[in-house]
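K.L.:
So the protein lines, in turn, are chains P and H. One point on numbering: in the numbering used here, the residue at position 246 of the first sequence is 246, and numbering is uninterrupted. One point on numbering: in the numbering used here, the residue at position 98 of the second sequence is 429, and numbering is uninterrupted.
Hints listed in this document are in silico derivations from the structure and should not be mistaken for laboratory results. One or more of the hints may lead you astray.
Pair ranges (Cβ atoms, derived) [as the list claims (entries may be wrong)]: (1) P:Phe19 with H:Gly521: 30 to 40 Å; (2) P:Asn135 with H:Ala393: 26 to 36 Å; (3) P:Asn135 with H:Ala426: 14 to 24 Å; (4) P:Glu203 with H:Ala446: 20 to 30 Å; (5) H:His546 with P:Glu203: 52 to 62 Å; (6) H:Arg346 with P:Glu203: 15 to 25 Å; (7) H:Ser344 with P:Ala96: 19 to 29 Å.
Only a predicted model underlies this, so the values are computations on that prediction, with no experimental measurement involved. Quick reminder that beta carbons are idealized off the backbone N, C-alpha and C, glycines included.
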Amino acid sequence: MQEMLSGVPRRAALALALFVAAMLAMPLFAGSYVVSVLVVVLFSAYLGQAWNIMMGFAGQLSLGHALYVGLGAYVSAALFVHFGLPPWIGMLAGMAAAALAGSLIAALSFRFGVTGVYFALLTIAFAEFTRIVFNHFGWVGGSSGLFLPVANLARDDLVNLRGSPAMFYYILLALTLCALALGHLLLRRRVGFYWQAIREDQEAAQALGIDVFRYKIAAVTLSAVMTAIAGALMAFYDNNLYPDTTFAIGRSIDIITAPIIGGLGTLFGPILGAFVLTVLSETMTNLSSAIGINGLKQWIYGATLLAIVMLQPAGLWPWLRARLRLDEAKR
Amino acid sequence: MSPPPLLEVVDISKRFSGLQAVDAVSFSVPHGGIVGLIGPNGAGKTTIFNLISGVLRPDAGAIRLDGRDITGLRADQACGVGIGRTFQLVRPFGALTVLDNVMVGAFKRTASTTAARRTARQILDRLALADKASAAANSLTLPERKRLEAARALATEPKLLLLDEVMAGLRPVEVDTMVRVFADLSREMGIAILLTEHVMRAVMALSQSIVVVHHGQKICEGLPATVARDPQVIACYLGAARTKA
Numbered sequence: 001m002q003e004m005l006s007g008v009p010r011r012a013a014l015a016l017a018l019f020v021a022a023m024l025a026m027p028l029f030a031g032s033y034v035v036s037v038l039v040v041v042l043f044s045a046y047l048g049q050a051w052n053i054m055m056g057f058a059g060q061l062s063l064g065h066a067l068y069v070g071l072g073a074y075v076s077a078a079l080f081v082h083f084g085l086p087p088w089i090g091m092l093a094g095m096a097a098a099a100l101a102g103s104l105i106a107a108l109s110f111r112f113g114v115t116g117v118y119f120a121l122l123t124i125a126f127a128e129f130t131r132i133v134f135n136h137f138g139w140v141g142g143s144s145g146l147f148l149p150v151a152n153l154a155r156d157d158l159v160n161l162r163g164s165p166a167m168f169y170y171i172l173l174a175l176t177l178c179a180l181a182l183g184h185l186l187l188r189r190r191v192g193f194y195w196q197a198i199r200e201d202q203e204a205a206q207a208l209g210i211d212v213f214r215y216k217i218a219a220v221t222l223s224a225v226m227t228a229i230a231g232a233l234m235a236f237y238d239n240n241l242y243p244d245t246t247f248a249i250g251r252s253i254d255i256i257t258a259p260i261i262g263g264l265g266t267l268f269g270p271i272l273g274a275f276v277l278t279v280l281s282e283t284m285t286n287l288s289s290a291i292g293i294n295g296l297k298q299w300i301y302g303a304t305l306l307a308i309v310m311l312q313p314a315g316l317w318p319w320l321r322a323r324l325r326l327d328e329a330k331r
Numbered sequence: 332m333s334p335p336p337l338l339e340v341v342d343i344s345k346r347f348s349g350l351q352a353v354d355a356v357s358f359s360v361p362h363g364g365i366v367g368l369i370g371p372n373g374a375g376k377t378t379i380f381n382l383i384s385g386v387l388r389p390d391a392g393a394i395r396l397d398g399r400d401i402t403g404l405r406a407d408q409a410c411g412v413g414i415g416r417t418f419q420l421v422r423p424f425g426a427l428t429v430l431d432n433v434m435v436g437a438f439k440r441t442a443s444t445t446a447a448r449r450t451a452r453q454i455l456d457r458l459a460l461a462d463k464a465s466a467a468a469n470s471l472t473l474p475e476r477k478r479l480e481a482a483r484a485l486a487t488e489p490k491l492l493l494l495d496e497v498m499a500g501l502r503p504v505e506v507d508t509m510v511r512v513f514a515d516l517s518r519e520m521g522i523a524i525l526l527t528e529h530v531m532r533a534v535m536a537l538s539q540s541i542v543v544v545h546h547g548q549k550i551c552e553g554l555p556a557t558v559a560r561d562p563q564v565i566a567c568y569l570g571a572a573r574t575k576a
């Protein structure tokens, strides 16, 4: 606990406490639409945090994170549908599958010196390859999808992950806060310093005694495991899975936008980015249909992204943090 | 028989497609000693550094540290057995603070953040970078970045420190200060130093012995005063350096 709080300025701790209190109280006041939007925000925030560990901290670009979402989702859902395995156990299996896939891809690439954009291309290739395999994998429904039985329960069943959006909201909120705490701890420890050193200059990092291969694999594996948790929750929230959406490259891109807009490598950036982007996207969708101009959403969404990237290339969070005078001891 | 030297380089060679960058070079660095490695641009000094520090693997020859064969170790393993190095073209971790840069090095010998921070602060003090501790590394001037390179390497607690032109860009007074800093470091902490330097003032003041390379070959070795008088050395190197200065 002491390590958690060390280096956090009072104003930042206070702001975080306010944020957590507001988020905890939200479902009590907000309607079901707002809660469902916030679930999307939190999925995006948490996935962004997971991706940020690999890219923001360790500098390894993945454009195929849908792979780990999909593995977490499909493994937990298939075990539930076919064997009635409780979702949380299935989630562990999904995490293991993602860990295996992530470390294998990373080990193969880094062993053969595939780095930078070529590594990023490889992550796309593996995600696409897996999407195609799942399209022909009859046991999980192939391209026609895998469906979870929907039961209308009187109350939330946390053990079997059957329940209202508010239940998922609180699970995701807890997960996001855990990821925030984890990121904070990692950056204050040797592994965080080593990841950042590798991100900044791999050869210099190696000259300072860092086993670059090992630490890069660790970053990819941790990121994959965290991503698979969100995948499993997504399966039980949506109740249906199709390879073409679960493993879609579009999903991989969605995952990386929030942390980039919020601030790559920062702790709170992915959360802020998820709020800004999801709320913007929802508002534009509603606006588009209200005034009946199709495609307006994409135009304004795209223009806003462009403006943020041009005006605040380091992301919105470093700017907002300075404005609120919350300067973190660590980025 | 005298004890074996700390670093023994035996007949190492390295060839880059068509260019014999290093050709059967041998020399040694005694425990706690300071040896200068000099030669004109392109003589192979940086390649020799890369071979010793594990960035490159020699085609032939052997490198021994404390009698142990370390030929072909990876760079991080070379650091682990006690070889610290700086890069001639500085490579700071730009987005990190100066203190964090040095802490990365200090983590080689401790897993504790507190201990790493303490070590890093002590080293920054010695290298006159303490007042820059919380500045971003990419905000430093070039001479400061060179010192940061040395600070990071020192934080890994090396037995042998390879300094690749850390004095470049310093004014003569600053050179004298840095010479004193490194001489003190070597004496007090028993660190051996192998340095390449174009600033002759620094090489002559620091080195107990000097190795001269030219076109990848060792052409002379000895005390600074002896080397400076060697006609071959004057012909290939010191003459040119003197007119430049």
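K.L.:
Could you check the structure against the hints above and give me the numbers of any it violates, in ascending order?
P.N.:
When the structure is compared with the hints, numbers 1, 2, 3, 5 and 7 turn out to be violated.
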